[in-house]
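In case you want the letters, here they are:
There are 2 protein chains.
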Amino acid sequence: MLIQNTTNSFIDTLRHRRQRLANLIDFPAIIWSGGSSPRNFPANRFPLRASSHFLYFAGLPLSNVAIRLEAGKLELFMDDPQPSSALWHGEMPTRDEIAQKMGADGARPMAELELWLEGTATIAVQESATWTQQSQLLNRWVLPQSPPQGIDLELAKAITSLRLTHDDAALAELRKAAAVTVAAHKAGMAATPKAKLEAEVRAAMESVFIAQNMTTSYNSIVTVHGEVLHNEHYHHSLQPGDLLLADVGAETETGWAADVTRTWPVSGKFSSTQREIYNVVLAAHDACIAKIYPGVEYEDIHLLAATVIAEGLIDLGILQGNAEDLVQMDAHALFFPHGIGHLLGLDVHDMEDLGDLAGYEEGRERSDRFGLGYLRLNRPLRPGMLVTIEPGYYQVPAILNDPKLRSKYQNVVNWQRLSQFADVRGIRIEDDVLVTTEGSEVLTAALPNDANTIENLSKI
Amino acid sequence: MLIQNTTNSFIDTLRHRRQRLANLIDFPAIIWSGGSSPRNFPANRFPLRASSHFLYFAGLPLSNVAIRLEAGKLELFMDDPQPSSALWHGEMPTRDEIAQKMGADGARPMAELELWLEGTATIAVQESATWTQQSQLLNRWVLPQSPPQGIDLELAKAITSLRLTHDDAALAELRKAAAVTVAAHKAGMAATPKAKLEAEVRAAMESVFIAQNMTTSYNSIVTVHGEVLHNEHYHHSLQPGDLLLADVGAETETGWAADVTRTWPVSGKFSSTQREIYNVVLAAHDACIAKIYPGVEYEDIHLLAATVIAEGLIDLGILQGNAEDLVQMDAHALFFPHGIGHLLGLDVHDMEDLGDLAGYEEGRERSDRFGLGYLRLNRPLRPGMLVTIEPGYYQVPAILNDPKLRSKYQNVVNWQRLSQFADVRGIRIEDDVLVTTEGSEVLTAALPNDANTIENLSKI
Ligand SMILES: [Mn+2]
Ligand SMILES: [Mn+2]
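Heads up: the protein sequence lines correspond to chains Y and Z, in order.
Going by the UniProt record's numbering, the residue at position 67 of the first sequence is 67; the numbering climbs one at a time, nothing skipped.
Going by the UniProt record's numbering, the residue at position 52 of the second sequence is 52; the numbering climbs one at a time, nothing skipped.
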């Protein structure tokens, strides 16, 4: 692990977060960092990704340590590096040095953690060696796939309430992630004319992250088959008539994420059908962002996107009827089957390790409607929340060829007309939008999204 | 998962491997593929890395499946994709299609695996959900960190005996990994004049892999502090007098690895001291490769490297005495503290998931000598083995400042003279060498390693 020097203001931020937690709970909490996971043998490991909750309060990407938070104080539990490790890893910072960098109020060896467990809550780490250790030490199951219970649930609620809105230090990191992501998308567009494979565009984009000591915040999607929504393969060749959909975001070294999608024509020129649909998606994108304001329900933003898309498809003759009615019957979801977006922060779907605890206002649950069930965020917006806005249009064979759906929507889709848009398999436009007291600020605004500029950026 | 079409010759190779296993054991074996590991939340996962043993017999990078091998026959246990997954992941191949691509003799749903467990051996997968499942189904601990016992040990010995030497299909993949790795190192050298940070050179190298749908076979080392042997950070700025050490290797989509190190001057020009030490390391490298021949003990190759390095350092006035005596007393290990190399195949340290079972001939154990204990391979060489040859020279502060070592080697090191070589912190030259009936073939020979060519490649 590389641990840079930290500033006083960084430490002040961390202390402020710890104090705010103390204002919400009256019991201690222990948050583990987690460690790296083995790849094909024990010494060959995936890169460390410390737990997001740990990063929020400790600020540093450490491996196999824990922090105990009580009444605003932080106690670090960490073993000093073995003297022999200096041979292979160079000089590592000591426990006391790390404690100082995170503004800890005390520091102890890991072995003493067992003396400090009574009445403490925790949150399950994803990495299995650590959640096993959490379960053993606390003598209860602490499982990453199960919802927390009792004081663990109280802790989770307190932390989500803090992490729902971002402080200045978080925003500074999120802006860094956004800026590097913008650069990566520009690099991807610039690399397209010479690229033969999706993989080559991906390489151009991810190398921007690597050069900045960042990683991807999720596995990139770079595909000419945007209609496959979760596509993590990059084998297709690029053909002149294709649209390339790139959903690629950076993560800073302390874990803060960006999440951006652009769709551009391989040839540098949209076909007329591609441009028409692109502009429908862009209209939905712009309408949603214009609507973002404190107090607005995110679900209404989603429904607005659905309505604008339905209107656009009516204008193009693909859908028939009245936009509000079509949205009511979920006809938009034939072409826009996912939600308008999600929370963004330390996780690309922020706090999704806790299920819908962060995404859904207390008392709300996922809808079972075709056009609403995949909505990941259902809360009134508040200043300091960062959300994605990512409308899309897809021709997903599993949807459009589904006999039940075809018969249900037989009369609202002009299938004949739709067939003329066969070259529009998948389009998404996604930006990262901060809710402000005045409305919103698009952190990724430096990346153009209008069709003409997109064409120019992806031309030789 | 993307599963390409496979050829008849690929299937023949897989069947041949299965038949050879059947010739060695008279009990059935079940090999699990393993699945991906979660990163910061369950839906955000590290890329899949299927178990190497699975890849050896099944050939395809599948997730959460198992194969049962008995008497040369393969039975695939796999669940068909859920119909709903087509919405998000597109159409996935069915169990029967996958079975056909790997030349399976039968295919069943995962739930039936429990009917086929009696008397079967297995090998622990690294990923925890799978080794937990292995342990539960077989009703014994199957742990990735513990040596196998009983029939599991017999299976492990049989598989290592097969995987120690490579068939033509394996060699074709290993040559692909080597070729892309050579290209990446050339890209790294070419990127150096304009790069300000280690990370930028790393980006230039790894983007070559990404563009070919390959990954790194281990976390890259790209550093101006080569004396930190396991250095996975890339934050240093590049200064004109620095040497940049890059230990970067590709892994093909079916898991076969390369492992290559080059060291080049940031300025495009070695200093005279850097060039002198570089040529000592290169002399050791060349001497070792010249010595590789069937029947030769790999430990003797290691000792040859130690001797050539000792001789070179005597010539430079850094060591004093007779080379053989210095190697006997491990004085070479002050500057070359690791082994000359290791097996290479599906794993970059091939089969190291089984400890030293593959690396050490039966009946041999690690030495506790300072100059031998880190040797990962101790066997007579055989045609078809692929090994790395990677001599190095490092000034590791934890070694050279160690009071015990300083006093032990007080009289054999000219510390005064050594101080004149302060600008040589770390040099390694590593190639991938196939043992052939005629001697050896360097799979990475297309990447130059002589000082003059290295200078030219890293110059503007
Ligand atoms: Mn998103
Ligand atoms: Mn190596």
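Heads up, some of the hints might be wrong.
Said to hold, decoys possible - Straight line, CA to CA, 25 Å or less: simulated BS3-like cross-link-like pairs of lysine-lysine:
id	chain 1	residue 1	chain 2	residue 2
1	Y	Lys194	Z	Lys194
2	Y	Lys176	Z	Lys196
3	Y	Lys196	Y	Lys459
4	Y	Lys194	Y	Lys73
5	Y	Lys459	Y	Lys269
6	Y	Lys186	Z	Lys408
7	Y	Lys194	Z	Lys186
8	Z	Lys176	Y	Lys194
9	Z	Lys186	Y	Lys196
10	Y	Lys186	Z	Lys194
11	Z	Lys73	Z	Lys269
12	Y	Lys176	Z	Lys194
13	Y	Lys404	Y	Lys194
14	Y	Lys196	Z	Lys176
15	Z	Lys186	Z	Lys196
16	Z	Lys459	Z	Lys194
17	Y	Lys196	Y	Lys186
Claimed, not checked - Quick list of the computed label-pair ranges, beta carbon to beta carbon:
id	chain 1	residue 1	chain 2	residue 2	range
18	Z	Asn219	Y	Gln82	51 to 57 Å
19	Z	Thr436	Y	Ala446	52 to 58 Å
20	Z	Pro81	Y	Arg369	23 to 29 Å
21	Z	Glu365	Y	Tyr360	38 to 44 Å
22	Z	Glu118	Y	Arg369	30 to 36 Å
23	Y	Ala446	Z	Glu438	57 to 63 Å
24	Y	Asp167	Z	Pro47	28 to 34 Å
25	Z	Asn139	Y	Ile11	49 to 55 Å
26	Y	Leu115	Z	His236	38 to 44 Å
Claimed, not checked - Stretch by stretch, here's where chain Z covers chain Y in the computed footprint (C-beta under 8 Å, at least three residues):
id	stretch
27	47-53
28	84-91
29	106-114
30	231-239
31	395-409
It is worth saying that the hints were derived from the structure and are not from the lab.
All C-beta atoms in this analysis are idealised placements derived from N, C-alpha and C, irrespective of residue type, glycine included.
Holds or violated: Lys196(Y) with Lys176(Z), Cα cutoff 25 Å? Judged against 25 Å, a Cα distance of about 19 Å means the pair holds.
Restraint status (C-alpha distance of Lys186(Z) to Lys196(Y) at most 25 Å): holds, 21 Å
Does the Cβ distance between Glu118(Z) and Arg369(Y) fall inside 30 to 36 Å? violated, 49 Å
Residues of the stretch 84-91 of chain Y with Cβ under 8 Å from chain Z, three needed, outcome: holds (count 6)
Decide if the proposed pair is consistent with the structure: Lys404(Y) and Lys194(Y), CA atoms, cutoff 25 Å inclusive. violated, 43 Å
Checking one constraint from the list: CA of Lys196(Y) to CA of Lys459(Y), max 25 Å. Satisfied? Given pair Lys196(Y), Lys459(Y) holds - Cα atoms ~14 Å apart, limit 25 Å.
Given the range 49 to 55 Å, decide if the beta-carbon distance of Asn139(Z) to Ile11(Y) lies inside it. holds, 51 Å
Please count how many residues of the stretch 231-239 of chain Y have a CB within 8 Å of a CB from chain Z and say whether that reaches 3. holds (count 5)
Between Pro81(Z) and Arg369(Y), is the Cβ distance one that fits in 23 to 29 Å? The hinted range 23 to 29 Å holds for Pro81(Z) and Arg369(Y), with Cβ atoms some 25 Å apart.
For a C-alpha distance cap of 25 Å, please report whether Lys194(Y) and Lys186(Z) respect it. holds, 20 Å
Tell me if the beta carbons of Glu365(Z) and Tyr360(Y) are separated by a distance inside 38 to 44 Å. Given a distance of about 58 Å, which is not inside 38 to 44 Å, the answer is violated.
Measuring from beta carbon to beta carbon, are Leu115(Y) and His236(Z) in 38 to 44 Å? Distance hint for Leu115(Y), His236(Z) holds at roughly 40 Å.
In summary, the numbered hints that this structure violates are 4, 6, 11, 13, 18, 21, 22 and 29.
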